[in-house]
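Residue numbers (our numbering), protein chains in the order written: chain A, 5 to 596; chain B, 5 to 238.
If you are wondering where the hints come from, they were derived from the structure by calculation, not from laboratory data. Any given hint could be a false lead.
Counterexamples of contact, computed for chain B against chain A with all Cβ distances above 12 Å [said to hold, decoys possible]:
no., residue
1, 79
2, 114
3, 124
4, 129
5, 145
Here are the simulated DSBU-like pairs of lysine-lysine, each with C-alpha atoms no more than 30 Å apart in a straight line [stated by the list, open to error]:
no., chain 1, residue 1, chain 2, residue 2
6, B, 229, A, 62
7, B, 221, A, 430
8, B, 112, A, 483
9, A, 195, B, 165
10, A, 430, B, 204
11, B, 112, A, 430
12, B, 112, A, 434
13, A, 282, A, 294
14, A, 169, B, 229
Which stretches of chain A does chain B cover? Using the computed rule of at least three CB atoms under 8 Å from a CB of chain B, they are [said to hold, decoys possible]:
no., region
15, 9-18
16, 32-43
17, 408-417
18, 455-465
The C-beta atom is built at its ideal place from N, Cα and C for all residues, glycine as well.
So you can see what is in the structure, the chains are spelled out below.
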Amino acid sequence: MAIILKEVDAVCIGVGFTGSILARELTKAGLKVVGLERGANRSTREDFALPSVRDDLKYAVRQELFQDTQLETVSLRHTPGETALPIRRLGSFLPGVGVGGAGAHWNGVTWRLLPTDHNLRTHLENRYGKSAIAAEMTIEDFPVSYDELEPYYDRFEKLLGISGKAGNLRGQKIDGGNVFEGPRQNEYPNKPLAMSMAGSIMEKAARELGYHPFRAPAANMSSPYTNPEGVTLGACEYCGHCERFGCEANAKSSPQSCILPVLLADDRFELRTHAYVKELVYDRQGKKVKAVRYVDTRSGEEYEQPAGLVILGAYVFNNALLMMQAGIGEQYDPVTAKGALGRNYCYQVSGNNVTVFFEDKIINPFMAAGASFGMNIDEFNGDNFDHAGLGFFGGAWISAGTSNGRPIQTRPVPPGTPRWGREWKKATAKWYNHAFNIGASGCNYAHRENYLDLDPTYRDALGRPLVRMTYNFHDNDYKLAEYIGGVLGRISRAMNPSAMSSPAVRRGNYNVVPYQSTHNTGGTITGADPKTSVVNRYLQAWEADNLFVMGASVFPQNASYNPTGLVGALAYYAAEAITTRYIKSPGPLVHA
Amino acid sequence: MVDETIPRRDFLKGAMVGTAALAASNAAPTAAQTPAPGTPSADAEPLLTLTATEHAFIVAAVDAIIPADELSPSGSDCGVATFIDRQLAGAYGMGARLYRQGPFPKAKPELGYQLALNPREFFRAGIEQANAWTRKTYGKDFDRLSEQDREAALKAMEDGKAPFAGFSSRTFFDALLQITMEGFFADPIYGGNRDMAAWKMVGYPGLPATYREEITKYFGKKYDKPPRSIADFS
Chain A
5 MAIILKEVDA VCIGVGFTGS ILARELTKAG LKVVGLERGA NRSTREDFAL PSVRDDLKYA
65 VRQELFQDTQ LETVSLRHTP GETALPIRRL GSFLPGVGVG GAGAHWNGVT WRLLPTDHNL
125 RTHLENRYGK SAIAAEMTIE DFPVSYDELE PYYDRFEKLL GISGKAGNLR GQKIDGGNVF
185 EGPRQNEYPN KPLAMSMAGS IMEKAARELG YHPFRAPAAN MSSPYTNPEG VTLGACEYCG
245 HCERFGCEAN AKSSPQSCIL PVLLADDRFE LRTHAYVKEL VYDRQGKKVK AVRYVDTRSG
305 EEYEQPAGLV ILGAYVFNNA LLMMQAGIGE QYDPVTAKGA LGRNYCYQVS GNNVTVFFED
365 KIINPFMAAG ASFGMNIDEF NGDNFDHAGL GFFGGAWISA GTSNGRPIQT RPVPPGTPRW
425 GREWKKATAK WYNHAFNIGA SGCNYAHREN YLDLDPTYRD ALGRPLVRMT YNFHDNDYKL
485 AEYIGGVLGR ISRAMNPSAM SSPAVRRGNY NVVPYQSTHN TGGTITGADP KTSVVNRYLQ
545 AWEADNLFVM GASVFPQNAS YNPTGLVGAL AYYAAEAITT RYIKSPGPLV HA
Chain B
5 MVDETIPRRD FLKGAMVGTA ALAASNAAPT AAQTPAPGTP SADAEPLLTL TATEHAFIVA
65 AVDAIIPADE LSPSGSDCGV ATFIDRQLAG AYGMGARLYR QGPFPKAKPE LGYQLALNPR
125 EFFRAGIEQA NAWTRKTYGK DFDRLSEQDR EAALKAMEDG KAPFAGFSSR TFFDALLQIT
185 MEGFFADPIY GGNRDMAAWK MVGYPGLPAT YREEITKYFG KKYDKPPRSI ADFS
């Protein structure tokens with residue numbers, strides 16, 4: 005039997021970026037908030053200290069900071085007719101665990117979506133006609149437009165201290181920034197990072213081809229920065245240990261470096277670590293989540309924490325799992341297309357790349373920052389180019405740069421080089437410091453057969469079913485990848501390298517082994533219609549008005565961009581609706 | 005030439021039955037002067053989990069994958085066999101961060117590793133299969149083959165052409181290659197990459213990797229500082 009605790013105003017499930025932001029906003033509004041984190045506490049001083057924080061084997065290869073699949077994973081099948089098998093070892097994506105969540109070990113690329121990514125379906129129907137969108141492509145509009153969300157993007161960028169350069173300041177296009185971005189009210193809070201050799205080569209080639217190269221917005225501090233919370237971040241050391249690592253210098257924006265210092269100092273907030281949330285206690289009649297049940301993994305004791313407000317800020321899969329288990333909404337069925345829970349699971353069409361080699365240029369790949377430390381172009385992203393007659397929609401942001409030179413995983417050799425032996429050694433020694441990658445992160449638009457539900461066979465350590473992912477790439481993805489592969493070829497040839505690989509393009513079944521991106525989205529999507537979405541525009545569950553769902557699980561489809569910027573903006577947008585409206589008058593904020 | 009030496013495992017096996025002196029004296033003249041590939045260096049570390057047979061295989065394999073040349077000493081001289089022994093004896097080998105609930109049906113490769121074996125057990129099974137195959141094909145265990153035959157045997161496994169019972173020889177080779185590269189390039193604190201030989205080979209400076217000034221100063225220029233390990237700061 006669970007021990008019933010005294011009711012609190014609000015519970016945040018997960019203490020990563022969204023949990024910390026919501027907890028901060030709610031405590032500022034006077035609420036008593038409990039943060040439940042399944043993992044341990046992690047602090048910069050204790051856990052990310054030099055020299056051990058540079059341990060490539062421990063962090064990057066043995067995956068120290070990621071979700072432990074011994075306890076919990078997801079299963080995968082490619083089509084609804086197959087039997088799913090568990091992803092036994094993380095590879096393709098790397099969810100976090102512990103205080104800070106994946107926000108502690110990300111690279112730091114922080115985009116705003118393009119305005120046309122926000123109203124995707126309406127935009128494409130208007131430009132290409134309704135019939136141009138295949139019936140299987142179940143894309144939707146975000147219910148919140150770019151213009152509505154702009155102030156919240158701005159707020160999140162200021163919390164993080166994003167380094168970058170505006171390309172569209174209040175409608176004025178600025179060369180050197182991303183001229184395709186939506187209008188910004190303000191410049192980035194921090195200037196762009198230093199230039200890398202790879203970035204300078206990309207810049208020259210892109211300009212020759214008539215493109216508009218720019219630096220990716222980076223949560224790596226080009227200079228020390230004090231955010232509106234009064235927390236000061238240090239300057240980036242270009243150590244090349246961002247992704248998969250914590251930052252000893254508090255120079256990478258994370259919950260630890262941006263917000264936890266003020267949140268943890270606030271008496272209205274209580275952090276409970278090792279609190280592994282097992283289930284939501286759902287009152288179907290009253291349409292409320294009454295309490296959250298969790299296991300204290302230090303004792304095995306089970307607790308029930310009643311709360312007036314429940315913020316679901318776990319990763320994509322656990323958000324879906326907790327709602328599916330409690331039956332908050334109807335499970336999506338790919339045959340009847342009924343039900344919204346689990347619908348529109350999307351990923352990223354990544355893994356499209358070319359490696360370029362330059363005998364006469366020194367790249368120093370080990371001097372790098374995480375967030376695409378180089379140069380990017382957006383000419384082939386979203387609907388920035390005409391798709392008439394192409395047979396697919398969407399595109400990719402294209403980037404050339406270096407994020408690290410850690411040699412267990414980063415040691416490019418020209419095509420045709422053996423993987424081992426004398427020739428491999430010669431090539432590795434020769435090219436290690438003379439090569440870099442041009443990569444493209446492609447949109448992944450929703451497909452009728454891609455969705456999440458509960459696995460009938462495999463279970464997690466708490467005895468719950470694993471989330472089952474039915475997912476594969478489809479026609480739109482393959483065509484997009486081929487097209488982008490051609491663009492990558494053009495760019496790399498324009499660099500005039502000594503050698504280059506032929507463009508690798510995403511083909512074949514989705515493969516869980518090679519890392520692609522931790523940009524899993526959907527399953528509890530936001531929308532205007534409760535029949536096809538799980539949460540409304542304020543991220544409030546249609547079927548439980550005191551439940552607000554954070555994170556990329558609310559995306560109706562995935563843009564080509566990394567999701568964190570939008571995740572943060574939506575968190576602030578939802579927090580404002582809760583603190584200014586919901587607290588005063590609890591109930592549905594949108595009437596279906 | 006290789007056949008004339010006594011591999012380490014024979015010493016060890018011999019020692020167990022009290023005949024080490026006899027075995028050693030038979031082979032002493034050549035063994036002492038011309039250590040064959042696969043013979044552990046004098047400062048070999050004690051084994052934590054690998055058997056003598058397994059260790060001989062691993063030494064021979066990592067020396068074929070990373071042969072000694074002007075760029076670096078051999079894989080085993082860089083401590084890669086020690087690294088593998090320690091990794092397989094520790095959390096990784098015992099299946100840390102590996103979901104191990106069944107059932108374990110045969111699966112397409114895109115679903116990743118789907119066996120019930122932990123890495124320690126997987127390497128045990130893989131080495132057994134590899135030796136069984138080279139005995140059938142070449143008449144000897146892998147570590148007793150000539151350098152040329154070892155390369156050919158590894159290539160056959162890499163191409164999945166060595167028939168193994170159970171998993172493919174390619175799956176085994178890929179795991180062997182992966183852990184070998186980990187050992188060669190990881191920080192020396194794990195037993196491999198001795199004297200930071202791999203880092204010196206490619207020009208990776210290791211720690212502390214604080215390049216705030218250097219990022220501009222060394223733009224397009226070689227950063228020629230000698231590498232440093234976690235151990236140098238501990």
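Hint check:
1. Listed as a non-interface residue, residue 79(B) fails to keep its Cβ farther than 12 Å from every Cβ of chain A; the least gap is roughly 10 Å.
2. For residue 114(B), the requirement that its beta carbon stay farther than 12 Å from each beta carbon of chain A is not met, with the minimum near 4 Å.
3. Its beta-carbon lying about 15 Å from the closest one in chain A, residue 124(B) satisfies the requirement of being farther than 12 Å from that chain.
4. Distance to chain A confirms residue 129(B) as a non-interface residue, since its nearest Cβ pair spans about 17 Å, more than 12 Å.
5. Listed as a non-interface residue, residue 145(B) keeps its Cβ farther than 12 Å from every Cβ of chain A; the least gap is roughly 20 Å.
6. A hinted pair counts as satisfied when its Cα atoms are at most 30 Å apart, and residue 229(B) with residue 62(A) qualifies at roughly 24 Å.
7. For the given pair, residue 221(B) sits about 28 Å from residue 430(A) by alpha-carbon distance, which is consistent with the 30 Å threshold.
8. Pair hint residue 112(B) plus residue 483(A) holds up; C-alpha atoms about 24 Å apart against a cutoff of 30 Å.
9. In summary, the hint linking residue 195(A) to residue 165(B) is not supported, as the alpha carbons are separated by about 55 Å, beyond the 30 Å threshold.
10. Between residue 430(A) and residue 204(B) the alpha-carbon distance is near 13 Å, which keeps this suggested pair within the 30 Å criterion.
11. Note on residue 112(B) and residue 430(A): the hinted pairing is violated, with a Cα-Cα distance of about 35 Å set against a maximum of 30 Å.
12. Straight-line distance between C-alpha atoms of residue 112(B) and residue 434(A) comes to about 36 Å, which puts the hinted pair past the 30 Å bound.
13. Between residue 282(A) and residue 294(A) the alpha-carbon distance is near 14 Å, which keeps this suggested pair within the 30 Å criterion.
14. Between residue 169(A) and residue 229(B) the CA atoms are separated by roughly 33 Å; this puts the pair beyond 30 Å, and the hint is violated.
15. Evaluation of the coverage hint for the region 9-18 of chain A: breached, as 0 residues show C-beta separations to chain B shorter than 8 Å, against a requirement of three.
16. A stretch counts as covered by a chain when three or more of its residues have a beta carbon under 8 Å from one of that chain; for the region 32-43 of chain A and chain B the count is 0, and the coverage is violated.
17. Counting residues of the region 408-417 of chain A whose C-beta sits closer than 8 Å to any C-beta of chain B gives 5, which meets the bar of three, so the coverage hint holds.
18. For the region 455-465 of chain A, the proposed coverage by chain B is satisfied: 3 residues have a C-beta within less than 8 Å of a C-beta in that chain, meeting the threshold of three.
Hints 1, 2, 9, 11, 12, 14, 15, 16 from the earlier list are contradicted by this structure; the remaining hints agree with it.
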